[in-house]
Amino acid sequence: MEDKKINEKESLELISEMIRKTKEGAAMKQDYNAFLFYGYTAAAVSLIAWLLIHFTGKMEFMFVWFAMFLPYLWTTFSGKRKKPEVTTYIDGMLGNIWKVIGSMFGLTLIAMLLIGIVATKEINFSLMMPLAIIYGGIGTSMTGLVIKEKWFVWPPLTGLVAAVYMLMDGSCDNLWNFLFGLSFLTFMAIPAHIVRSKIK
Amino acid sequence: MKELDPLLHSQLRLAIISLLLSVEEADFNYLKENTQATSGNLSVQIDKLSEAGYIEVRKEIVGKKPRTSCRLTETGREALEKYVSALKEYLGKMF
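Here the protein sequences come in this chain order: A and B.
So the first sequence is residues 1 to 200, counted in my numbering.
So the second sequence is residues 1 to 95, counted in my numbering.
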């Protein structure tokens, strides 16, 4: 393409062609890797936690859940090293949704820590598991609504059932690990594979 | 009859503005790939659009590499709207 004059008809055609190119490009560039990464990390960590607790009987191994910060750190730092060639308005909106969800995770952890130190005199992060399913599910559903993809909108409801069970049950046992991993696998990893296969 | 904006009535500059219309931000490589323009020519046209206030250009270092990104300004969006309506007027008179 050069810096040359074009006639009126060619101008309108060029505008339409460029708009079409950006729309097609935006659809093709979505890989949903973050969903796969979080979904599989949650499944792997849940399996490790379940095995450790099952064979040792020590609930202290729940600390392995802090490994869920690894995908967050990876996505944050890889995002700073390499920016995408193009950012659509939808990308911007999704980024903001997940910033809010991420803040909810962070604030909940801080609140649990402070309440544990000041009020209850016992730091207990166990409720983080059902809350994480709810937060992650809300983020995934909102992503699905924005990109109009039913596979991201509805599966988080299965996670919600698991989260409600955990909240009602209250006794953080080894089953929670299984439910947590299964939930993230169901509403993040599996839908991401389905949506990726549709794009291809 | 409305006059066509001479800044937009050029193949490459119009392509750049049209590409930026439906995205929040695009970098130099994306614009180069989609317009098939040479780096030198693309740089010159980006500068012209930036000087007119039609686009905002940001230069930064990402992962030790320089990155130039562009976004359409409100002035640019309005200019394109006026340009398209003038085009439609011209074409309407022709047919």
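Keep in mind that the hints were calculated from the coordinates and are not lab data.
Note that CB positions come from ideal geometry on N, CA and C, so glycine has one too.
Take the hints with a grain of salt, since some may be wrong.
Computed cross-link-like contacts, SDA-like style, restricted to lysine to any residue with a CA-CA straight-line distance of at most 25 Å [unchecked claim]:
| id | chain 1 | residue 1 | chain 2 | residue 2 |
| --- | --- | --- | --- | --- |
| 1 | A | K83 | A | F63 |
| 2 | A | K150 | B | K64 |
| 3 | B | K48 | B | G92 |
| 4 | B | K65 | B | K88 |
| 5 | A | K83 | A | L109 |
| 6 | A | K83 | A | M93 |
| 7 | A | K150 | A | N96 |
| 8 | A | K21 | A | L94 |
| 9 | A | K150 | A | C172 |
| 10 | A | K5 | B | R67 |
| 11 | A | K82 | B | A79 |
| 12 | A | K83 | A | T22 |
| 13 | A | K99 | A | E122 |
| 14 | A | K4 | B | K65 |
| 15 | A | K4 | B | I61 |
| 16 | A | K4 | B | P66 |
| 17 | A | K198 | A | G170 |
| 18 | A | K5 | B | Y83 |
| 19 | A | K4 | B | K64 |
| 20 | A | K23 | B | K64 |
| 21 | B | K64 | A | E85 |
| 22 | B | K88 | A | V164 |
| 23 | A | K99 | B | I61 |
| 24 | A | K83 | B | K88 |
| 25 | B | K65 | A | T75 |
| 26 | B | K59 | A | T158 |
| 27 | B | K88 | A | E13 |
A short list of chain B residues far from chain A (calculated; beta carbon distances all over 12 Å) [stated by the list, open to error]:
| id | residue |
| --- | --- |
| 28 | S10 |
| 29 | T35 |
| 30 | Q45 |
| 31 | E51 |
| 32 | A52 |
| 33 | G53 |
| 34 | V57 |
| 35 | E74 |
| 36 | E78 |
Violated hints, by number in ascending order, as checked against the structure: Of the numbered hints, 1, 2, 3, 4, 5, 9, 10, 11, 13, 14, 15, 16, 17, 19, 20, 22, 24, 26, 28, 29, 30 do not hold.
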